[in-house]
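A.B. asks: Sequence:
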Amino acid sequence: YGNKLHHPSEDDAKELISIINTTVKRGGNVVIPSFAVERAQDIIYELNKYYTEYTKTEDQDFLSVPVYIDSPLTVSATEIFLRNPDCFDEDTLHLINIGNNPLDFHNLKFTRTVEESRQLNISKESKVIISASGMCTAGRIKHHLKHNLWRKES
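Following the numbering used here, the numbering of the sequence shown begins with 1 at its first residue and continues without gaps.
No lab work stands behind these hints: they were computed from the structure. There may be inaccurate statements among the hints.
As a list, the in silico SDA-like pairs of lysine to any residue whose alpha-carbon atoms are at most 25 Å apart [to be verified]:
| hint | residue 1 | residue 2 |
| --- | --- | --- |
| 1 | Lys49 | Asn107 |
| 2 | Lys109 | Ser126 |
| 3 | Lys109 | Thr92 |
| 4 | Lys49 | Pro66 |
| 5 | Lys49 | Asp104 |
| 6 | Lys49 | Arg118 |
| 7 | Lys49 | Pro85 |
| 8 | Lys146 | Arg112 |
| 9 | Lys124 | Thr113 |
| 10 | Lys25 | Ser117 |
| 11 | Lys124 | Leu108 |
| 12 | Lys14 | Arg83 |
| 13 | Lys124 | Pro85 |
| 14 | Lys49 | Gly134 |
| 15 | Lys25 | Glu38 |
| 16 | Lys109 | Ile17 |
| 17 | Lys146 | Gly28 |
| 18 | Lys25 | Glu46 |
| 19 | Lys49 | His94 |
| 20 | Lys142 | Glu125 |
| 21 | Lys14 | Asn107 |
| 22 | Lys109 | Pro85 |
FRET-style restraints, in silico, Cβ to Cβ [claimed, not checked]:
| hint | residue 1 | residue 2 | range |
| --- | --- | --- | --- |
| 23 | Thr137 | Asp89 | 28 to 36 Å |
| 24 | Leu145 | Gly27 | 17 to 25 Å |
| 25 | Glu90 | Leu149 | 39 to 47 Å |
| 26 | Lys146 | Asp89 | 32 to 40 Å |
| 27 | Glu79 | Ile122 | 24 to 32 Å |
| 28 | Asn100 | Arg151 | 29 to 37 Å |
Note that this is a predicted model, so its numbers are computed, not measured. C-beta: ideal position from N, C-alpha, C; glycine also.
Produce the entire structure from the sequences given, and follow the hints as far as they go.
C.D. replies: Below you can see the structure in the form of structure tokens.
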């Protein structure tokens, strides 16, 4: 927006990780509204970077929490990115070539069906849910907010 590219800063990523750690320690869920194309992949990229760089730190809560992409459009868009690595910049291609695809990590899970989405709100495990509608006006994100906003641990 504003005729500029806005990438998450290092401080933004660290703040997100801090929020996830704090919420997981309380037993809650982190719900992240996101646009399906590009913004969601930026978030996945940043989370993967943290998983990769800090796997030997004491942030075991964060390292074990599942991250769900709960939006069929986001899942499809991410799959398109994954199938077309030649479209990435040099830094990202280097990561892929050394076996670290920035849009894939061991705790990342994709949900497509309505039933899988519902299970996220039934499950008691702490989790991160990234779901489309970036403005929270439609879609599955509204249900995740309904089930989590009232919870003081989330």
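A.B. asks: For every hint, state whether the structure bears it out.
C.D. replies: Hint-by-hint comparison with the structure:
1. With a C-alpha separation of about 13 Å, the suggested pair Lys49 and Asn107 falls inside the 25 Å cut-off, and the hint holds.
2. The hinted pair formed by Lys109 and Ser126 meets the criterion: a straight-line CA distance of about 14 Å does not exceed 25 Å.
3. Distance check on the hinted pair: Lys109 and Thr92 sit about 21 Å apart at the alpha-carbon level, within 25 Å; holds.
4. Using a Cα cut-off of 25 Å, the hinted pair Lys49 and Pro66 holds, with the two alpha carbons roughly 15 Å apart.
5. In summary, the hint linking Lys49 to Asp104 is supported, as the alpha carbons are separated by about 10 Å, within the 25 Å threshold.
6. Between the alpha carbons of Lys49 and Arg118 the distance comes to roughly 29 Å, so the proposed pair goes past 25 Å and is violated.
7. Among the hinted pairs, Lys49 with Pro85 is consistent with the structure: their alpha-carbon atoms are about 17 Å apart, no more than 25 Å.
8. As the CA atoms of Lys146 and Arg112 are separated by approximately 19 Å, the hinted pair is consistent with the 25 Å bound.
9. About 19 Å separates the Cα atoms of Lys124 and Thr113, which keeps this hinted pair within 25 Å; it holds.
10. Distance restraint check for Lys25 and Ser117: the Cα-Cα separation of roughly 23 Å lies within the 25 Å cut-off, and the hinted pair is therefore satisfied.
11. For a cut-off of 25 Å, the pair hint linking Lys124 to Leu108 stands: about 18 Å separates their Cα positions.
12. At most 25 Å may separate the alpha-carbon atoms for a hinted pair to count; Lys14 and Arg83 exceed this at roughly 29 Å.
13. Of the pairs offered as hints, the one joining Lys124 and Pro85 is violated, with about 36 Å between alpha carbons and a cut-off of 25 Å exceeded.
14. With a C-alpha separation of about 22 Å, the suggested pair Lys49 and Gly134 falls inside the 25 Å cut-off, and the hint holds.
15. The straight-line distance between the Cα atoms of Lys25 and Glu38 is roughly 29 Å, outside the 25 Å bound, and the hint therefore fails.
16. Of the pairs offered as hints, the one joining Lys109 and Ile17 holds, with about 18 Å between alpha carbons and a cut-off of 25 Å not exceeded.
17. Our distance criterion of 25 Å between C-alpha atoms is met by Lys146 and Gly28, whose separation comes to about 14 Å.
18. For the hint linking Lys25 to Glu46, the alpha-carbon distance of about 21 Å falls within 25 Å, and the restraint holds.
19. The hinted pair formed by Lys49 and His94 meets the criterion: a straight-line CA distance of about 13 Å does not exceed 25 Å.
20. In summary, the hint linking Lys142 to Glu125 is supported, as the alpha carbons are separated by about 20 Å, within the 25 Å threshold.
21. For the given pair, Lys14 sits about 18 Å from Asn107 by alpha-carbon distance, which is consistent with the 25 Å threshold.
22. The suggested pairing of Lys109 with Pro85 holds, with an alpha-carbon distance near 20 Å, which does not exceed 25 Å.
23. About 32 Å separates the C-beta atoms of Thr137 and Asp89, a value consistent with the hinted range of 28 to 36 Å.
24. In this structure the supplied range 17 to 25 Å holds for Leu145 paired with Gly27, their Cβ-Cβ distance being about 18 Å.
25. At about 41 Å, the beta-carbon gap between Glu90 and Leu149 stays in the expected band of 39 to 47 Å.
26. Taken as a hint, the range 32 to 40 Å holds for the pair Lys146 and Asp89, whose Cβ atoms sit roughly 38 Å apart.
27. For the pair Glu79 and Ile122, the supplied restraint of 24 to 32 Å holds, since their beta-carbon distance comes to about 26 Å.
28. Separation of Asn100 from Arg151 is about 34 Å and conforms to the stated range, judged on CB atoms against 29 to 37 Å.
Consistency note: the structure conflicts with the earlier hints numbered 6, 12, 13, 15.
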